[in-house]
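Residue numbers (the working numbering), protein chains in the order written: chain A, 1 to 258; chain B, 259 to 533.
Just so you know, not all the hints are guaranteed correct.
What the hints assert, rightly or not - Under 7 angstroms between C-beta atoms, here's a sample of chain A residues computed to sit facing chain B:
1) ASN89
2) ILE102
3) ALA103
4) GLY237
5) LEU242
To be verified - Partner residues are not named here, just some residues of chain A that face chain B (Cβ under 10 angstroms, in silico):
6) PRO10
7) ALA49
8) MET216
9) VAL226
10) MET233
Said to hold, decoys possible - Negatives, chain B to chain A, calculated, CB over 10 angstroms:
11) MET432
12) SER436
13) GLY481
14) ARG520
Hints were generated in silico from the structure; no laboratory data involved.
Every value quoted in this text rests on a predicted model; they were computed, and no experiment measured them.
Backbone N, C-alpha and C fix where the C-beta goes; we use that ideal spot for every residue, glycine too.
Here's the letter readout for the chains.
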Amino acid sequence: MTDAQRHWLPLPVFGVILLLWELAVRQSGQFTLYPYPVGVIEAGIRTIADGSLLAATSGSLYRVLLGFAIGGVLGIPLGLLMGSLQPVNRAMSPIIDSLRSIAPIAWIPMALLWLGIRGNAALFIVAYAAFFPFVVNTIQAVRLIDRNLVNAARALGASRALIARTVILPGSLPTILTGARISLAFAWGSIIAAELAMGIKVTAGGSGAVGLGQLMVSTLYIRRDVNGLVLYMILIGVISLLIDLLMRQLQRNLTPWR
Amino acid sequence: MSDALRSAVPLPIALRTGGSWKHYLRRCEFVLALAVVGGLWQAASVAVNNSTLVPPPLLVLDAWVSLWGEELPNDIIASLVHLGVGYGLGITIGLLLALLAARFVFVEIIIDPIVEILRPISAIAWIPLAILMFGIGGGVPVFLIFYAAIFPVFINTLAGIKQVDPRLVQAAEMLGASRRMIVTHVVMPAALPLILAGARLSLGVAWMALVAAELTGADSGLGWRIFWYQEFFAMDKVMAVILTIGILGYIFDTLLRWLQARITRWSPDGSEAER
Numbered sequence: 001m002t003d004a005q006r007h008w009l010p011l012p013v014f015g016v017i018l019l020l021w022e023l024a025v026r027q028s029g030q031f032t033l034y035p036y037p038v039g040v041i042e043a044g045i046r047t048i049a050d051g052s053l054l055a056a057t058s059g060s061l062y063r064v065l066l067g068f069a070i071g072g073v074l075g076i077p078l079g080l081l082m083g084s085l086q087p088v089n090r091a092m093s094p095i096i097d098s099l100r101s102i103a104p105i106a107w108i109p110m111a112l113l114w115l116g117i118r119g120n121a122a123l124f125i126v127a128y129a130a131f132f133p134f135v136v137n138t139i140q141a142v143r144l145i146d147r148n149l150v151n152a153a154r155a156l157g158a159s160r161a162l163i164a165r166t167v168i169l170p171g172s173l174p175t176i177l178t179g180a181r182i183s184l185a186f187a188w189g190s191i192i193a194a195e196l197a198m199g200i201k202v203t204a205g206g207s208g209a210v211g212l213g214q215l216m217v218s219t220l221y222i223r224r225d226v227n228g229l230v231l232y233m234i235l236i237g238v239i240s241l242l243i244d245l246l247m248r249q250l251q252r253n254l255t256p257w258r
Numbered sequence: 259m260s261d262a263l264r265s266a267v268p269l270p271i272a273l274r275t276g277g278s279w280k281h282y283l284r285r286c287e288f289v290l291a292l293a294v295v296g297g298l299w300q301a302a303s304v305a306v307n308n309s310t311l312v313p314p315p316l317l318v319l320d321a322w323v324s325l326w327g328e329e330l331p332n333d334i335i336a337s338l339v340h341l342g343v344g345y346g347l348g349i350t351i352g353l354l355l356a357l358l359a360a361r362f363v364f365v366e367i368i369i370d371p372i373v374e375i376l377r378p379i380s381a382i383a384w385i386p387l388a389i390l391m392f393g394i395g396g397g398v399p400v401f402l403i404f405y406a407a408i409f410p411v412f413i414n415t416l417a418g419i420k421q422v423d424p425r426l427v428q429a430a431e432m433l434g435a436s437r438r439m440i441v442t443h444v445v446m447p448a449a450l451p452l453i454l455a456g457a458r459l460s461l462g463v464a465w466m467a468l469v470a471a472e473l474t475g476a477d478s479g480l481g482w483r484i485f486w487y488q489e490f491f492a493m494d495k496v497m498a499v500i501l502t503i504g505i506l507g508y509i510f511d512t513l514l515r516w517l518q519a520r521i522t523r524w525s526p527d528g529s530e531a532e533r
């Protein structure tokens, strides 16, 4: 089998599967119970037209980026400290390890209590999720730096600050960026979970700040629209794919020597 | 890995006692760190002076201890059942699919794009649809864990089988090994480190999916219990359950890492797999 065949063979197979699916749902006549391809497209057109899809997606993305930034601003310096100073590492790593084991979503009740439903609770969850990949990978990044380079710079008379700026930072950048990629992907998964849990559990006082998760909950419980749910799932998948592609591109651009 | 190596290498007595001293000191640092966290927590709760908003650590500890005599064991068992069924199904089917894909090219051609399409859709995105399909109950967490666990195992197993050195297989063939024997004695052991790394990755993802699924779509388990206590504003109990989730997650990861290092002691991949 040639390469071209390998790439193109799945397409007709999927086409047939989608067609059969559509026909099967049409045959059963249960349009509200099962999702079907045309219905998903219709749901897409409807939610784009009334603006709810765009508003929810941008709301979720905004909180993800903000939480990601908070996680990075707090996580990278801590990781640098823990990676370069052994006592700090030994003192902090049990704390970090035990907090890391707690699923970010488990904090939702406390976050709701502390920050309220106006989006800040979800932001806390996202920042919490984004923080740990940054810390772990930055520690790893500092450890992976070639000691010979540091010693060479020191032998040539470079000051500590100069070494930090010209050896440690560029040397650790690739691994830190890997951490950023993991962190953003994890943050995106967590915001959906946080918004879903908030949407399901916090019925009083409206939906609060609206994101994709809340939109899914209202689609599930109020509009009972299966096609809409499938559409949002596809959208979530596409966005996480885009996030991954974007971060990889960024990694290539920022660290071309890798 | 480095600890295992160090203990395997005979050291002079003086160095060995030095090592144990260091070990002792390290343990002290852990206790110190714990004390600092507890102190900060206590300070925060004193400053806020509201045991609902920031329950003091001793109150939470007290709640945790008393919960062991009440619902906590049942909740842990319920969560473990969800995890066991979902994770067991996930790694079994992931492994089988990967074996099929490795054996038959057309299976790989069909499954691979499906995996690539579904993989970016996180388990969490399935929650509403899972609630619709299975209703509120045990089905939602089991399905979500199954879905979360299947991809890392499938991808790592396939990669593990593909990276087996063909010379090993050829050597076994030349020595007259049957096909079955090659699979059980050459391919599987060579792929094992990556498979186990995949299984560990799966468990981490599955644990997160479990908590999210139980929070939103289950009627038992630790995640569900968090919101149950929140309804009564029993925040000390909420914190106690959150801590239990953290402790269990930590235990699982440590256990699997230990198992991984033990089973594939000979492999550099197995002892220090990437997270």
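Structure-based check of each hint:
Using the Cβ-Cβ criterion of 7 angstroms, the hint placing A/ASN89 at the interface with chain B is not satisfied: the shortest such distance is roughly 10 angstroms. Hint status for A/ILE102 relative to chain B: holds, with the closest Cβ pair at about 4 angstroms, below 7 angstroms. Look at A/ALA103: its Cβ gets to within about 4 angstroms of chain B, closer than 7 angstroms, so that hint holds up. This hint holds: A/GLY237 has a C-beta 4 angstroms from the nearest C-beta of chain B, less than the 7 angstroms allowed.
The interface hint given for A/LEU242 is broken, as the beta carbon of that residue sits about 9 angstroms from the closest beta carbon of chain B, more than 7 angstroms. Because the smallest distance between the Cβ of A/PRO10 and any Cβ of chain B comes to about 4 angstroms, under 10 angstroms, the interface hint for this residue holds. Taking 10 angstroms as the C-beta cut-off, the interface hint given for A/ALA49 is violated, the closest approach to chain B being about 22 angstroms. A distance limit of 10 angstroms between C-beta atoms decides the matter here; for A/MET216 the minimum to chain B is near 5 angstroms, and the interface restraint holds.
Restraint check, A/VAL226 versus chain B: the minimum CB separation of about 7 angstroms is within 10 angstroms; hint holds. The interface hint given for A/MET233 holds, since its Cβ lies 5 angstroms from the closest Cβ of chain B, which is under the 10 angstroms cut-off. Consistency note on B/MET432: stated as away from chain A, and its beta-carbon is indeed over 10 angstroms from all of that chain's, at 27 angstroms minimum. Interface exclusion of B/SER436 from chain A stands, the closest Cβ pair being 27 angstroms apart, more than 10 angstroms.
Distance to chain A contradicts B/GLY481 as a non-interface residue, since its nearest Cβ pair spans about 7 angstroms, not more than 10 angstroms. The claim that B/ARG520 lies off the interface holds: its Cβ sits roughly 20 angstroms from the closest Cβ of chain A, which is beyond the 10 angstroms cut-off.
Checked against the numbered hints listed earlier, the structure breaks hints 1, 5, 7, 13; every other hint is satisfied.
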